[in-house]
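Protein chains in written order, with our numbering: chain G, 1 to 147; chain U, 1 to 110.
There could be a bad hint or two in this list.
Straight-line C-alpha distance at most 30 Å; calculated DSSO-like pairs for lysine-lysine [as the list claims (entries may be wrong)]: (1) U:LYS38 with G:LYS133; (2) U:LYS96 with G:LYS30; (3) G:LYS6 with G:LYS135; (4) G:LYS120 with G:LYS61.
Read the hints as simulated data drawn from the structure, not as lab findings.
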Amino acid sequence: MIAVDKRYDIIPNDFNFAGRASSDIKRTLKSMHFSREFIKRVSVAAYEAEINIVIHSRGGKAAFKICEDALYLEFVDIGPGIPDIQLALTPGYSTASEESRLNGFGAGMGFSNILKSVDKMDILSDPNGTVLKLKFNITEADRDENR
Amino acid sequence: MKIASILQGDYRLVTHAGSEQADYLGVYAGDLLSVVMKSAQPQNVLVTVMANMNAVAVASLIDLSAIIFCEGCRATPEMVSRADREGIALLETSYKAVDVIVDFTRRGLL
Ligand SMILES: Nc1ncnc2c1ncn2[C@@H]1O[C@H](COP(=O)(O)OP(=O)(O)O)[C@@H](O)[C@H]1O
Ligand SMILES: [Mg+2]
């Protein structure tokens with residue numbers, strides 16, 4: 001059974017709109033009474049991925065699904081892609097612009113935060129765009145809002 | 001600990017009256033938002049110069065209680081209304097981050 005199926009637009013370079021998708025994801029999980037720990041893991045990964053589309057891409061979309069015992073986030077953008085994924089995953093590596101840095105981004109820690117939060121991550125990228133798929137396994141403890 | 005106990009001397013509450021009644025648990029200082037997300041704990045007070053909407057968004061995402069904008073950094077009206085909506089207290093001070101921490105230590109607010 002699919003319990004949640006939501007989609008969001010992510011606008012490039014719009015620092016005021018940035019984070020709307022992640023906020024809605026967090027609100028949804030809270031209303032479903034997931035544990036604080038689980039909500040934080042998903043929210044942080046979602047925010048990092050959303051911000052990457054805002055600051056590094058020409059725009060894209062996010063999809064948020066909960067299906068049985070798994071939560072899936074999928075981020076798709078329309079380029080310019082990640083030329084060297086291994087390098088991009090290196091903690092501290094960042095090509096963020098001066099403007100992004102002034103907004104608090106560009107620590108080069110986005111992917112580390114994502115990897116720490118997810119159970120599985122897949123990246124597919126070429127100059128036409130990047131697809132980032134994240135999977136979070138849902139355990140009994142994650143469903144308990146008192147944790 | 002209540003946000004109200006911080007409000008002595010060079011700290012100005014800019015969110016709505018009453019927002020100082022919220023509780024906090026410890027302090028975290030930092031400006032890079034990825035690092036803040038990694039290391040700050042729920043209900044922390046964030047001390048930062050990053051006075052923009054993204055800091056408020058992160059605070060809301062990881063359940064921080066308050067943000068102190070230091071070194072004279074100011075919150076915009078948009079940031080204040082978002083913080084009011086999300087239940088986050090915003091404070092401004094002319095202190096540097098390190099001086100806020102020293103002040104908190106001295107006054108037993110950590
Ligand atoms: N959606 C994307 N499109 C193009 N490049 C990206 C994308 N996401 C990440 N990157 C590249 O990967 C690098 C590392 O990303 P990340 O770890 O989030 O650090 P940061 O965003 O702080 O630079 C970025 O600096 C950028 O070069
Ligand atoms: Mg990033």
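Going through the earlier hints one by one, which of them does the structure break, listed in rising order? Going through the list in order, the structure violates hint 2 alone and respects the others.
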